[in-house]
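Using the supplied hints, reconstruct the complex from the two chains, each of which is provided in its own coordinate frame.
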Amino acid sequence: MTTANSSAAPALPDGLVVVVKRDCETCRTIAPALADVAAKRGDLTVLTQDDPQFPDTPTPLFDEDLAFSWHHDIETVPTLIVADGGVERERTIGWQREVWQRLTGIDDLGADLPPMRPGCGSKSVDPDLVDALRARFGGSILSARRIEVADAEDEIEMMYTRGWSDGLPVVPPTEARVLAMLEGTARAPDEIVAVIPPDLAPATVEKVAIAAVMAGCRPEYLPWVLTAVEAACTDEFNMHGLLATTMPVGPVLICSGPGTRAIGMNSGGNALGQGNRANSTIGRALQLVVRNVGGGRPGEIDRATHGSPGKVGFCFAENDAESPYGRLAGEHGIADGVDAITLFAGEGTRCVVDQISRHPDSLARSMAAALVSLHHPKLIMAFDAVLVMGPEHARVFAGWDRAAIVDAINEHLTRSGSALVRGADGIEEGLPEAFADAPSLPKFRDGGLMLTYAGGGAGLFSEIIGGWVNDEVGSKPVTRAVSY
Amino acid sequence: MARTLLDPTSERTVAERARLPRPTSVDGLTVGLLDISKPRGDVFLDRLEQRLVEHGASVKRYRKPTFSKPAPADLRHEIAVECQLVIEALAD
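Read top to bottom, the protein sequences are chains A and B.
Positions in the first sequence are counted from 1; adding 83 to them yields this note's numbering.
Positions in the second sequence are counted from 1; adding 465 to them yields this note's numbering.
The set of hints was computed from the structure by calculation and includes no laboratory data.
Careful, some of the hints might be misleading.
[Said to hold, decoys possible] Pairs of lysine-lysine, DSSO-like flavour, derived with a Cα cap of 30 Å:
#, chain 1, residue 1, chain 2, residue 2
1, B, Lys503, B, Lys525
2, B, Lys503, A, Lys461
3, B, Lys534, A, Lys461
4, B, Lys529, B, Lys503
[As the list claims (entries may be wrong)] If you only want the chain B side, here are some residues facing chain A, beta carbon under 8 Å, derived:
#, residue
5, Leu470
6, Leu471
7, Asp472
8, Pro473
9, Thr474
10, Ser475
11, Glu476
12, Arg477
13, Thr531
14, Ser533
15, Lys534
16, Pro535
All residues carry an ideal CB built from backbone N, CA and C; glycine is no exception.
Bound-form chain B, shown alone (with noise of 0.2 Å):
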């Protein structure tokens, strides 16, 4: 007789969304920056800030309250509504 198991998981079915198509210039688009609160972080970011604004972008910076946690809900909404880009800096 077969045997029959509950199943651990959380039973989700992953949702895959197409990635939008890269701009193929960022000339006159609002680019995000999002400093995860890691040390030197913001060295990496200052640098990419100058670069992009020499290209013609706009720049707007965020910060999260520590790397620990996921950045919240509210920060990711403002993110999306002010920027066509977002650069998230890992740097330690």
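Extracted from the complex, chain A is given alone in its bound form (with noise of 0.2 Å):
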């Protein structure tokens, strides 16, 4: 058969073929009926994907690297394929008599034989060696350039020194991984996803897929990262200003939906720490996308002052399945069931610790009173935030929806302009004199204070995930449906 490394098919001889392996009990079975074809019919030919002295008649041909098997899409042996001009009219997969019988035009073939036996799965299909073939044969549709890593060289030193990393080890993106990472969505590796600040340079599903086998997905968030770059690089969330700014922001992904149960998010206990792959991972990809792809680099174009651990990557999901008060995907406009990635411009995290209210009203002052400071308690409406509430501070809401909890909350962050005024307190930060005389101004813009439900366990807790510069000066949170 033909030698490895290459993509070409095989032709398919014409006539009938079989692919066999000795392995197969169902094969080693009907064996005598393939020598019973072999004598009626001169056209029969079998090829063996494991051992070439099986079947002894007739002498088969050995597809040891498994190209025919691979490029004739055979997933069960015995696999009988009738051909006629090179091309596949008919085909059968196991041991079916009559099927047999009729594709042959042997009328007692197998006549001893049992009436139907199923196959055996097929070596090209082995989960052991799927990826490798998939490499050897599939590799001409990725275009990345390919590198060489010397056989002394250690391949995590050299992607360090390249520079490729954020600062921790990243998976070496093999020709066998980003295939298997592609596996993880429809969509062709040559599509352009976006394009990435601050270079402006294009990224294909692959580029995106090798940045996710770099962060450790699996293939089955490739879907989420991909969304994620999306929304990422759109004017409203401005990716690139996010990235040059001197604030400690970078992109956090809020995930909702079934899918991120499917592919085992966390969004109970610990949703925002350490642990999970895919919450650790999704995140991480999107960062080295604008890393490797965009440039976007610390020193470089990233001037931020201080960074935040988040800007390693920042992803978690709602646990919207429990939430009493639906899901900010929802909110944002995203039908129910349907998967969902909301971006927004965030720093880390911060805990408001109330452990002692039980009433709706005191626990809404509490959440006002931490939330007034943030960034600047005199700096209003200029910043967004997102508010995590635990599940034992969301039953002291218990049959409130999320407008009159967020309104609860706002009700408590007004304050007059004469407080919030540079000066006011002894603090010279603070808004320009024209405000002196407003009565009452808010803390947040319209929907800048956005609910979101995780976290699990014991804990009268919330999390304050603090924005960028909000709106058309800054960032804008941007809210994707998930593609496939």
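This is the structure we're talking about:
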């Protein structure tokens, strides 16, 4: 058969073609029938996957590199194919005596064999082999530059040296791993996903898949990563500004929908912390796209004064299945049951402790007291915030919908302009003097306080994620349905 | 056997362009002053304008819609067509 490293499909011989392996009991059972077909027809070709001595008759071709099996989509052995002019006309899998009799035109074929036997898995779909086969035969669909790692070179160290890492080790993006990653989406590898700042370089699905491999994603996370990249690289979200700013902010990915549970995301205990692969790697993959495709690196275009741990990657799931007040994506117009991501330009988290309040008004006042100091107690309207309410705090608001909760908190977040202007309270920072006569100013703009629901186990706590400069001046939260 | 990795970068090569020589004088030149919309950037630029005019330059003022996004292509083009020199204020 063909030699390795060929991506061209081996031709289909005309007549009858059977693929077998000795390791399959059904194949061994029907060996006499193969000999019978060979004796009665001159156009039988048998290919064997594991043992060139099997079957004895007729002499088989050895599909040693599984090129034939791969390219002709053999999933089961035995498979019988009827071909004419190099084109497949019909196939059957396993042993079904009547079907084999009809396709071979031999009425008494296998008369002494059982009427039906299921086949076995083809070696070309063996889970231990399939990634290597996909790389060998499917590699030509990848267009990224190939970089050879010398024998004596450590690939992890080599990737650090090239500046591909965010500081943590990255998984080497081999052809086999990237091809396996691409199985996670129906989108073509050469499709452009987005133009990535700051270099404004186009990122293909393939480049995003490479970043996802490096970040440690599984293939089923890839649609989430692709959607996050698309959402980040919009004029509204303004990834360029978020990268370039001196503030300690990065993209925060808030995921929801049944798909979060299908890929095993954590929306419960420690949802904002470490230890869950999907939470830890999806946001990181987006940041690796920005770093490696967009060229956005700290000390260069990234001018953050302090940065924050979340800039490695900040991603969590809302517990929308158990939320008493729906989910953020719903507030942003996504229909129930649809997987979605909200990208928020945010900093790290800060805890709101209130273990005493058992009445909604009291807890709303506590939340407001914690939120008022966001970035600076005298700066208002310019920054949004995500409030990640824990289940035990949410229980205090039982029966309230999200608008009622947010309104109750906002009600305690208004202050007079005179308290906020520069110089008030002996603090030079503050609003321009022109606001001094305003009787009541809110801390947050309309929709600027966004309520989510995550966390689990005991604890009368919630978390605040403070935002970057909002709206046209900075970033608007962007919510997108996940595209698969 | 050598292992092969796929390049995660944009695979672009960086174009290097030499800077234009510095003019020995601004006398008779048009200087663009780009305010990036940071607070008090105008204070800095007002003073620069005053000094440039004293030295015989004519000054045109421009402003980005927001400091957080790159200057729009049209604005960059306008400055390139109308000015020989440009100063961008990053003041806060």
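The hints, checked one at a time:
| no. | hint | result |
| --- | --- | --- |
| 1 | B/Lys503 <-> B/Lys525 | holds, 18 Å |
| 2 | B/Lys503 <-> A/Lys461 | holds, 19 Å |
| 3 | B/Lys534 <-> A/Lys461 | holds, 26 Å |
| 4 | B/Lys529 <-> B/Lys503 | holds, 9 Å |
| 5 | Leu470 | holds, 5 Å |
| 6 | Leu471 | holds, 4 Å |
| 7 | Asp472 | holds, 4 Å |
| 8 | Pro473 | holds, 4 Å |
| 9 | Thr474 | holds, 5 Å |
| 10 | Ser475 | holds, 3 Å |
| 11 | Glu476 | holds, 5 Å |
| 12 | Arg477 | holds, 6 Å |
| 13 | Thr531 | holds, 5 Å |
| 14 | Ser533 | holds, 3 Å |
| 15 | Lys534 | holds, 5 Å |
| 16 | Pro535 | holds, 6 Å |
No hint from the list above goes unmet by this structure.
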